[in-house]
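S.K.: Counted from 1, the sequence shown has number 266 at position 266 by UniProt numbering; the numbering is strictly sequential.
If you're looking for bench data, these hints aren't it; they were derived computationally from the structure.
Please read these numbers as outputs of a predicted model, since none were measured by experiment.
Quick reminder that beta carbons are idealized off the backbone N, C-alpha and C, glycines included.
Check before you lean on any hint, since a few could be wrong.
Quick list of in silico lysine-lysine cross-link-like pairs, DSS-like style, CA-CA up to 27 Å [unchecked claim]:
1. Lys-204 <-> Lys-260
2. Lys-102 <-> Lys-161
3. Lys-82 <-> Lys-50
4. Lys-181 <-> Lys-161
Computed spacing ranges between beta-carbons, pair by pair [to be verified]:
5. Glu-112 <-> Gln-60: 42 to 48 Å
6. Glu-300 <-> Asn-184: 41 to 47 Å
7. Lys-356 <-> Lys-260: 34 to 40 Å
8. Lys-141 <-> Lys-290: 43 to 49 Å
9. Val-45 <-> Thr-180: 40 to 46 Å
10. Glu-300 <-> Asn-342: 16 to 22 Å
11. Asn-184 <-> Val-45: 38 to 44 Å
12. Ala-53 <-> Thr-180: 27 to 33 Å
13. Glu-150 <-> Val-426: 39 to 45 Å
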Amino acid sequence: MKLTVYLERIYQMAIHTPLLGSLIKKYRLEQNMSQESLCQGICVVSYLSKIEAGLVTPSQDILEGLTQALGIHYELEEAFLKEGEVLFNDYFHALSFFLEDKVALLQEHILENYNTYLFSPLMLEALLVQANIQNETHDLKLLETLDDLEHSFKFLTSSQKALFYLFKGCALIYMKTEPTKGFNTLEQALAYERSGFMLLAVGKQHYRLGHYNLSLNYMEEAYEMCIKEGNLRCALYSALNIAGVYSSIRNMFLMEKYSKLIINLATSLGEDDSLYTAYYNLGATYLEIKDYEKALTYCERALHLRKDSPHPDVMNYHKLALIHHQLGNLEKAHNFLDRAYNCYLACSIHGTPLTKTMLDIVKITLDDPNYLHNSEYGTLLESVYNQVGEAIHFGFKQFHGNYLIDYYKANRRYKEALAITEELYVKSPYLS
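Could you build all of it, start to finish, from the sequences and the hints given here?
M.R.: See below:
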């Protein structure tokens, strides 16, 4: 962009949208400045109120006077803006190609000058970066950022509009305010950009809530699109999620097929975390269908990949404890459970009360030969079953639901066992 184009863009954004008025109000409040103090010698208070509410289009002189009074200015230095434009382009490209280290580095550089970008022609790009960060951390302020962006929606490119709708849809789903509207909003994102990255993002939302058939449709299309685009990491992550769906619906043939593909892709890309996930998911699935020897093989392969990691996976230890219990290796089962507890206590990323409850269930399993008739065991299973579908992933609900069914049957609570079976496998709204 030439400097004249930058100037034109920022003024058009200022006079045609309430975004800058909203930002002026935000900065005024942060400085504990009254409207009377800010508008002195520039405009009347009632006019400032209308500017902040986006009800009037101020002249460029008034707009500049207000921002100068706040100690902020429009950054129009051409070299800075050109460098920023390259930074933002590289950031969003790296984001869509899952170049996580590059994203983190570029994000750090962008945030160093975030407030400067916010009052420059690159304000929309800066707000989208902020929205992405808030989306990844489930920050409740995301909707506020999206409101600011919506004021200038017509100035967004098609790709930026797709990201806007992606973040908005995810927010509505994660925050459980309007999930149906959230999924409709994700469709709007795809209307602007049907790339592998966008298709995978939409598919993952359906997968997380157990909408398996829908998620397969999106993620299979995502995989094919990623191959065409040369986006191999996105193709790998699409395949990982597809294998996860087939695991959840117990289609072992297709899960094995996609897992082999994942292993080849992950090995060629040097993606050890994805390789680990493939082995762990295979092990966990074979545990669920009671093929304990295969479960052990795959969980041990996953264990080997993390043998030198400072952050081993507590859930793999959890699975290995259950597997060895079923194979009659009680000493090994206790050893892995102890390692799981130690990991839970040492690693903040695993330190959730729900994880602790899952480990406590295994402890009762190992300590009480009559655990199927232990009321505490049943109570803990019910607690996890009722939480995991919302808090973590529907697959965890299925995993613990199967153990809960066994518990109900052992205690002749057949109606409750049938109700769980129907909820998970017959009448579930998730299996759509």
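S.K.: Each of the hints needs a verdict: does it hold here or not?
M.R.: Against the structure, the hints come out as follows:
no. : hint                            : verdict
1   : Lys-204 <-> Lys-260             : 21 Å, holds
2   : Lys-102 <-> Lys-161             : 23 Å, holds
3   : Lys-82 <-> Lys-50               : 33 Å, violated
4   : Lys-181 <-> Lys-161             : 17 Å, holds
5   : Glu-112 <-> Gln-60: 42 to 48 Å  : 29 Å, violated
6   : Glu-300 <-> Asn-184: 41 to 47 Å : 44 Å, holds
7   : Lys-356 <-> Lys-260: 34 to 40 Å : 35 Å, holds
8   : Lys-141 <-> Lys-290: 43 to 49 Å : 46 Å, holds
9   : Val-45 <-> Thr-180: 40 to 46 Å  : 43 Å, holds
10  : Glu-300 <-> Asn-342: 16 to 22 Å : 19 Å, holds
11  : Asn-184 <-> Val-45: 38 to 44 Å  : 41 Å, holds
12  : Ala-53 <-> Thr-180: 27 to 33 Å  : 31 Å, holds
13  : Glu-150 <-> Val-426: 39 to 45 Å : 41 Å, holds
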